[in-house]
Amino acid sequence: MSSLGTALVFWPSAAIMLVTGLYVFRTASMARAGLLLLASLGVEGLIFLALASEFLGVLQLLMMSGEMVIMTFFMVMFMPDPGGLMGMDMTHEKRRSAALAVAVAVGLAVVAVVTDWPAQTLNGEAPDVRQIGFEVMGRSMFSFLFAGITILFAMVGGTLLAKHGGRLGLPAPGGDR
Amino acid sequence: MISLPVVLGVGAVMFGIGLYGVLGQTNAIMVMMGVELMLGASMLNLIGFMRYAWPDAASGAFFVLIVMTLMALEAAVGFALVISVFRNRRTAELDDLTDLKG
Amino acid sequence: MAVLLWLSVGLPALAALAARSAGSRARGVAVGGALLAALPPWALLVAAAAGERATSGVAWLPADGLDVGLRLDGLSAAMSATVGTVGAVVLAYSAGYFAREPRAPSAVAGLLTFLAAMQGLVLADGYLSLLVGWELVGVLSMRLIAFNRADTAAPAAAVRAFLTTRAADVGLYVALFALYAGAGSVAFGGARPDGALGALVGLGLVVAAMGKSAQAPLQTWLSGAMAGPTPVSALLHSATMVAAGVYLLVRSDGLLTGWPMEVAGWVGAVTAVLGAIIALGQDDLKRVLAGSTSSQLGLMFVGAAVGGPAVATFHLIAHAAGKATLFLAAGVFQHERGSTSLGALRGAGRADPTTMALWTVGALSIAAVPPLAAFWSKDAIVAASEGQAGWLVLVLLAGAGAAAYLLRPTLVLWRPGAQESQPAPGRRPMLLAAAALAGASLVLGLLAMPLADLLDAPTPKATPVSAGLSVAMVLLGAGSLLVAKRVPDRVAEVARRQLLVDEGLRAFVQAPFFLAARELARLDDRVLDDGAIDGTGRGTLRLARISRRAEESGVDAGVDGLAHLLGRGSDLNRRVQSGRLYEYLRDTVFGAVAVGLVIALAAVL
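Chains as they are written, first to last, in the numbering used here: chain A, 1 to 177; chain B, 1001 to 1102; chain C, 2001 to 2605.
Next comes chain A alone, as it looks inside the complex (with noise of 0.2 angstroms):
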């Protein structure tokens, strides 16, 4: 993409994404909530996009699409209140973790413009897919399978969590939902 058009697509897609990110937080709804994140993440991909990362932008947008539905529906399932007509208020401790934040925020820009980049390519070709193929398959194939059977592990540990009785097999207690 040329510079104009990376610039047109990134900066309202950043803005969108940084807003629809902070009101995740300001909600009370928690079904809401997952849709703004939704929302942050989904954005974020076209930005991947614009820079040049084709595999990588469409795969964010597939994944966080997926993730987020089924976040909703667990809220849904088994929250109290996931439409947050309650009003409750699900934060503490409001102005010392936004104090916090901002400080981390604000010291990781300062890092970020103070730091000498080496040479800067305006204009440079990110991989294309077939060279994260090889790269996979070849340098960081270690990675990949440790990756996968984690993965694995996660899949049947958080069904046994998952289930009734946990992972012992006990009838769940009456009066469980």
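It is worth saying that the hints were derived from the structure and are not from the lab.
You may find that some hints are simply not true.
Claimed, not checked - The calculated label-pair distances, taken between Cβ atoms and stated as ranges, are:
1) C:Gly2596 - A:Glu54: 25 to 35 angstroms
2) A:Glu54 - C:Asn2573: 49 to 59 angstroms
3) C:Gly2596 - B:Ser1003: 54 to 64 angstroms
4) A:Ile151 - B:Ser1084: 14 to 24 angstroms
5) B:Ser1084 - C:Glu2551: 49 to 59 angstroms
6) A:Gly138 - B:Ser1003: 24 to 34 angstroms
7) A:His164 - B:Glu1074: 18 to 28 angstroms
8) B:Asp1095 - A:Ile151: 27 to 37 angstroms
9) B:Glu1074 - A:Val102: 23 to 33 angstroms
All C-beta atoms in this analysis are idealised placements derived from N, C-alpha and C, irrespective of residue type, glycine included.
Position chains B and C against the provided structure of chain A, taking the given hints into account.
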């Protein structure tokens, strides 16, 4: 006009928002959402590095892949845990889950 | 010659053994043995008079120059003959004295053993051999004094006699050590070493002689020794053992030249007078004779100091004869009256004229009435001391005193008394013996010149002046007694208490010693035990207490404080564990920020 510091700056802000959520929310699921945001910020930074500083390194892309996987994993396992806790305690509020108090 | 020497010593010893095992015939065996034992000394005397000299002995430590043995020379021959003769006479007397004594064998054997030891003393060659004899006679004297087991005062008197002479013998030991250190040998005839050693030699010998011869202030033991049987008194304490002191002085003539002899002379002169005073105050006949012996020995000391060996030896022999006679006669009276106190003896002489006659002869001799033996010998001393005014005065006073103190008991014996005399068993041997010595007292005046020849020494001679003075003194003494009729009570009291020598010793020797001992004991108790040792203990305890307190408040407090601090720290730390996940996350963020800062700083700096 979009240079690395800009991308990193945006990433920094997003990281901060995520952090605000992690520290400030009482519900465990909301905290997880904050973590998702933070991981998203790290992905953005990685993309920025890959695009602007080290274009030849495909390992950057791989890293992003791993982070994405992690996001999914974390959500899955985290949800399973929350369900389990909710079954026993009828609550997912962090303020009520203080069994680790020393 | 050597054989004769050893026989002189050995025969009395053998006779002692024979007598001890002879049972009922002991007395006879003893007399025979003593008479036999008197022969070798006489043979030695004859040989010595002919000019023969000899020695016989064994080399004990030849590398160090120490020998033991016997010698024959003029002095030793004269002494040996005297000792042998008097010994034989006294043993003959003992046959009668111990007629009714159940332990007669033990008594005569003791006397014979003593005789052997005394012969060993006078015939000794060198100071080492003399020392052997000296000590032996001292021990035997103690045994003989305490012979009568029924007498409760005897053992104490015997021990006193032994201890006094033994204490004085320290002088002899010191003198011998000094002599050996200075001269390398202890043979007779050496020269006195110079300086301090020589002083030790001179003083030591004089002190030893003083102790043995009962000179003041060591004279009190002699009175106590009179508790022994009369033969013992006659042999030991008048004629032989006490004369050993004089013999020592005469023998050590060369070593004692100069100031030691002066000291000896003064001691003798003073004792001569003091002994006479003591004799005047006694109520017991034998104690009178003891005081007299002290006095006469003092005269012998003066003789040794001024007149030389012959003068002293002459008087020694004459005195031996006369004093022994007196003792033997006293023994007869003792058996007749059952006691020797003057009160019991009143009129005993009148009841037994024979014995009285013998007594009188002895008394006249000792009182120095011419022409008896002791007159000549004592007069020689007076003549010799004419050069020394002080000594002359004292000697003359002693002479007057002698007349007085002998006249007093004589008068008591003669005056009629109420008591009856029992006939003494064994009277004949006793009288014969006493008569023999009385006869000797009559004729021994002729001994002067032969003795001087024998001893190779100046002849004792009497000048008209000295003779006149002596006779005058005798008359003065006798006359004073007759006029005064009795000794003044105060004087008698002091005399009886031996001129307060005991009190003096107690005050000047015993009291300071005990005071020092008490003070030292107190020092030990208070300072050492209580102060030092207990104080150390107390100090240690105090130190321990302080240490414990320091430990409790310091160390323990420190440790406890540390533990307390750790507990507080842990409590504070606990608050971090709130159980609230978001707080843990927040803390994680803090940590991450800190790490990031550190890295950034590291990169920048």
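Hints and how they fare:
At about 33 angstroms, the CB distance of Gly2596 (chain C) to Glu54 (chain A) agrees with the hint of 25 to 35 angstroms. For Glu54 (chain A) and Asn2573 (chain C), the hinted distance range of 49 to 59 angstroms is satisfied, since their beta carbons lie about 52 angstroms from each other. Take Gly2596 (chain C) and Ser1003 (chain B): their Cβ atoms lie about 22 angstroms apart, and the range 54 to 64 angstroms is violated. A C-beta distance of roughly 20 angstroms is found between Ile151 (chain A) and Ser1084 (chain B), which places it inside the suggested range of 14 to 24 angstroms.
For the pair Ser1084 (chain B) and Glu2551 (chain C), the supplied restraint of 49 to 59 angstroms holds, since their beta-carbon distance comes to about 57 angstroms. For the pair Gly138 (chain A) and Ser1003 (chain B), the supplied restraint of 24 to 34 angstroms holds, since their beta-carbon distance comes to about 31 angstroms. The beta-carbon spacing between His164 (chain A) and Glu1074 (chain B), approximately 23 angstroms, falls within the hinted interval of 18 to 28 angstroms. Checking the proposed 27 to 37 angstroms range against Asp1095 (chain B) and Ile151 (chain A) shows it holds: the Cβ atoms sit about 32 angstroms from each other.
Distance hint check for Glu1074 (chain B) and Val102 (chain A): the Cβ-Cβ separation is about 25 angstroms, which falls inside the suggested range of 23 to 33 angstroms.
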